[in-house]
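**Q** Residue strings, one per chain:
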Amino acid sequence: MFTSLNLKALFLSIIILIFGLGVWELATPAVKSAGELTEYEKLVGAADQKARVPPPSAIIVRAWEELSNPIYDNGPNDKGIGIQIGYSLFRVLSGYFMAALIAIPVGFLIGMSPLAYKAFDPFIQVLRPISPLAWMPLALFIIKDSQASAIFVIFICSIWPMLINTAFGVAGVRKDWVNVARTHELDSLRTALIVILPAAAPTILTGMRISIGIAWLVIVAAEMLVGGTGIGYYVWNEWNNLDLTSVIFSILVIGVVGMLLDAAFAWVQRSVQYQE
Amino acid sequence: MTDKPFLEVDSLTKRYPSPDGGAPLTVFEDINFDIDKGEFVCIIGHSGCGKSTIMNVLSGLDSPTSGGVTMDGKELSGPSLDRGVVFQNYSLLPWLSALKNVIFGVKARYPEWSKEKVREHSYHYLELVGLVNGAEHRKPSQLSGGMRQRVSIARAFAIQPKLLLLDEPFGALDALTRGTIQDELIRIWSGSDQTVFMITHDVDEAILLADRVLLMTNGPFAQVAESVAIDIPRPRSRADIIHHDGYYKIRNHLVEFLAKRSKDLARGSDASEETNNGPQKPKVVRPALNTPSSSETESIVPPNLMKIKG
Chain A
33 MFTSLNLKAL FLSIIILIFG LGVWELATPA VKSAGELTEY EKLVGAADQK ARVPPPSAII
93 VRAWEELSNP IYDNGPNDKG IGIQIGYSLF RVLSGYFMAA LIAIPVGFLI GMSPLAYKAF
153 DPFIQVLRPI SPLAWMPLAL FIIKDSQASA IFVIFICSIW PMLINTAFGV AGVRKDWVNV
213 ARTHELDSLR TALIVILPAA APTILTGMRI SIGIAWLVIV AAEMLVGGTG IGYYVWNEWN
273 NLDLTSVIFS ILVIGVVGML LDAAFAWVQR SVQYQE
Chain B
15 MTDKPFLEVD SLTKRYPSPD GGAPLTVFED INFDIDKGEF VCIIGHSGCG KSTIMNVLSG
75 LDSPTSGGVT MDGKELSGPS LDRGVVFQNY SLLPWLSALK NVIFGVKARY PEWSKEKVRE
135 HSYHYLELVG LVNGAEHRKP SQLSGGMRQR VSIARAFAIQ PKLLLLDEPF GALDALTRGT
195 IQDELIRIWS GSDQTVFMIT HDVDEAILLA DRVLLMTNGP FAQVAESVAI DIPRPRSRAD
255 IIHHDGYYKI RNHLVEFLAK RSKDLARGSD ASEETNNGPQ KPKVVRPALN TPSSSETESI
315 VPPNLMKIKG
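Line by line, the protein sequences give chains A and B. If you're matching positions, the first sequence starts at 33 in our numbering and goes up one per residue. If you're matching positions, the second sequence starts at 15 in our numbering and goes up one per residue.
Treat the hints as calculated values from the structure; they're not laboratory data. Each residue gets a CB set at the ideal place from its N, CA and C atoms; glycine is no exception. One or more hints might be untrue.
Okay, derived cross-link-like pairs now, DSS-like style, lysine-lysine, Cα gap no bigger than 30 angstroms in a straight line [stated by the list, open to error]:
1) A:Lys207 with B:Lys114
2) B:Lys88 with B:Lys51
3) B:Lys114 with B:Lys176
4) B:Lys129 with A:Lys207
5) B:Lys153 with A:Lys207
6) B:Lys176 with A:Lys207
7) B:Lys18 with B:Lys295
Distance ranges between label pairs, derived from CB positions [as the list claims (entries may be wrong)]:
8) B:Gly87 with A:Val158: 16 to 26 angstroms
9) A:Pro137 with B:Lys129: 50 to 60 angstroms
10) B:Pro38 with A:Leu225: 33 to 43 angstroms
11) A:Pro146 with B:Ser128: 36 to 46 angstroms
12) B:Ala186 with A:Leu225: 41 to 51 angstroms
13) A:Ala41 with B:Pro125: 47 to 57 angstroms
14) B:Ser128 with A:Pro137: 30 to 40 angstroms
15) A:Leu147 with B:Gln156: 53 to 63 angstroms
Quick look at which bits of chain A chain B covers, simulated, 3 or more residues with Cβ under 8 angstroms [to be verified]:
16) 106 to 114
17) 150 to 158
18) 187 to 196
19) 201 to 211
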């Protein structure tokens with residue numbers, strides 16, 4: 033029953049894919065080269081229509097070219113897709129884990145102490161809705177390094193969901209389990225590590241999963257701003273090169289990498305999930 | 015009396031401040047009773063009489079407004095591994111397997127033990143409650159209510175506390191499961207010199223398990239009114255106990271108390287004319303040995319001379 037449902041869904045997905053690509057392909061007829069144009073067509077300006085959304089077949093060809101040689105470096109304007117993704121992942125993960133390093137302990141503190149919760153709350157509420165890119169000028173001025181500023185932007189956008197979810201998860205740990213820790217004479221550190229951390233882990237992981245998703249969304253915009261390397265820069269650079277085939281290809285790559293990141297965190301989340 | 019009882023509850027009072035600043039709510043006042051070493055004592059009373067609060071004071075999770083508890087010559091303060099607790103809702107850690115839940119307790123109790131010793135000790139206690147052969151590796155969510163409570167009991171016995179506190183441990187279980195686990199509890203307890211204090215709502219359960227049953231009047235201003243000795247020889251079993259001569263005398267006494275006298279004896283809010291008369295030990299009653307009318311004369315015997323354990 034379950035597998036047959038999965039099979040049906042897979043079958044349907046493939047049909048949707050073929051249908052979608054087919055419509056797209058048909059809607060973008062091949063461009064005639066200038067030599068094939070009649071005098072009349074040249075006069076009415078048909079030659080100007082060269083730049084148009086490329087058909088899926090062209091993108092598949094480009095994807096094959098790029099993915100078969102992902103790691104090469106021919107200078108700032110021509111790097112393999114693997115290298116660009118690598119730069120982006122490095123920035124995302126370093127900013128993200130720095131945020132985790134701060135957000136989880138502080139979230140613990142806020143979750144365990146009602147006083148800290150009330151004291152931190154106004155700051156969190158004001159800082160949280162700020163678009164991470166709004167920090168960019170300030171970060172560039174203070175840090176004076178565009179790479180580090182991009183990492184800072186990732187840091188600042190990842191910190192809030194992790195902080196809030198950790199505080200929420202820790203504050204919501206069932207009183208019974210804390211009482212079990214108390215009747216077993218566990219000190220505060222052990223209570224935090226042996227009882228509260230595993231009890232709050234699913235909620236914390238939910239926050240971490242939201243954060244990694246946001247970080248991956250933000251890195252593209254941040255790299256468009258700071259430039260140099262990374263998948264965001266790559267998209268913008270190909271736009272400047274008027275190479276829409278590569279733009280669409282990199283959009284798809286961004287989607288696939290984001291999906292893999294999310295799947296990795298979903299896997300970790302499942303491993304700490306428990307049933308009451 | 016030269017030697018002090020093992021556990022002495024002295025003038026225990028709990029008041030909660032009223033939310034609107036009026037007179038505080040007194041749950042119970044001037045509670046006094048003793049428990050001897052190795053004794054199994056049940057406490058029965060209606061909801062709201064503060065049984066659970068007494069339990070929480072004994073476990074150290076709550077503190078009384080005034081009065082105190084002395085165990086083994088030491089004043090209690092805060093939770094301790096000397097007192098093991100079995101909660102009504104099991105309170106197992108759901109991310110740990112049954113065995114690891116017991117190991118959690120044993121590790122806290124004996125941090126100096128080796129890993130193998132901790133595991134062996136924990137496994138032994140799971141064996142005592144019949145939870146081995148695969149069940150020990152299951153998470154609490156994969157166990158039935160009865161099995162969960164067995165794990166909880168194993169965890170409490172495994173830390174070998176001086177005093178075991180059971181807070182309505184079978185309240186959430188169906189009658190058949192309850193019977194089985196009562197038998198297991200009494201079997202494990204008989205093989206130990208464990209002192210047990212247990213809350214229950216179930217009169218038959220109290221008669222089956224206890225050496226003595228404390229009866230509480232209704233709250234507010236609840237008190238321990240009587241200490242009823244269960245003069246039925248051990249080992250007891252659920253099937254045989256009902257044929258004992260004293261069984262129905264005791265049972266009728268308890269039921270009559272709960273149905274009628276717990277209300278009549280309740281002092282309500284017009285209390286406290288006799289609160290400063292020093293510690294008032296509850297009246298001792300032995301329904302199985304006496305006719306109810308003569309039970310008054312027994313009240314001069316202090317409860318700690320009355321211990322019987324078969």
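**Q** All hints, please: hold or fail.
**A** Consistency of the hints with the structure:
1. Distance restraint check for Lys207 (chain A) and Lys114 (chain B): the Cα-Cα separation of roughly 20 angstroms lies within the 30 angstroms cut-off, and the hinted pair is therefore satisfied.
2. Pair hint Lys88 (chain B) plus Lys51 (chain B) holds up; C-alpha atoms about 14 angstroms apart against a cutoff of 30 angstroms.
3. A C-alpha spacing of about 23 angstroms is found between Lys114 (chain B) and Lys176 (chain B), which places the hinted pair at or below 30 angstroms, so the restraint holds.
4. At most 30 angstroms may separate the alpha-carbon atoms for a hinted pair to count; Lys129 (chain B) and Lys207 (chain A) meet this at roughly 29 angstroms.
5. Only pairs whose Cα atoms come within 30 angstroms are accepted, and Lys153 (chain B) paired with Lys207 (chain A) is accepted, the gap being roughly 20 angstroms.
6. At most 30 angstroms may separate the alpha-carbon atoms for a hinted pair to count; Lys176 (chain B) and Lys207 (chain A) meet this at roughly 25 angstroms.
7. Between Lys18 (chain B) and Lys295 (chain B), the direct Cα distance comes to roughly 14 angstroms. Compliance with the 30 angstroms bound is thereby established for this hinted pair.
8. For Gly87 (chain B) and Val158 (chain A), the Cβ-Cβ distance of about 57 angstroms falls outside the hinted range of 16 to 26 angstroms, so the restraint is violated.
9. For the hinted restraint 50 to 60 angstroms between Pro137 (chain A) and Lys129 (chain B), the CB-CB distance of approximately 29 angstroms leaves it violated.
10. The given range of 33 to 43 angstroms is respected by Pro38 (chain B) and Leu225 (chain A), whose C-beta atoms sit roughly 39 angstroms from each other.
11. Between Pro146 (chain A) and Ser128 (chain B), the C-beta spacing of about 40 angstroms keeps the proposed range 36 to 46 angstroms intact.
12. Taking the beta carbon of each, Ala186 (chain B) and Leu225 (chain A) are about 30 angstroms apart, not inside 41 to 51 angstroms as hinted.
13. Taking the beta carbon of each, Ala41 (chain A) and Pro125 (chain B) are about 52 angstroms apart, inside 47 to 57 angstroms as hinted.
14. For Ser128 (chain B) and Pro137 (chain A), the hinted distance range of 30 to 40 angstroms is satisfied, since their beta carbons lie about 32 angstroms from each other.
15. Distance hint check for Leu147 (chain A) and Gln156 (chain B): the Cβ-Cβ separation is about 39 angstroms, which falls outside the suggested range of 53 to 63 angstroms.
16. Only residues whose beta carbon comes within less than 8 angstroms of a beta carbon in chain B count, and the stretch 106 to 114 of chain A has 0; fewer than three means the coverage is violated.
17. A count of 0 residues in the stretch 150 to 158 of chain A with a Cβ less than 8 angstroms from any Cβ of chain B is obtained; the coverage claim is therefore unmet, three being the minimum.
18. Proximity of the stretch 187 to 196 of chain A to chain B, defined as three or more residues with a beta carbon under 8 angstroms from a beta carbon of that chain, is not established by the 0 residues found.
19. Note: the stretch 201 to 211 of chain A has 3 residues with beta-carbon separation from chain B under 8 angstroms; the three-residue rule is met and the coverage holds.
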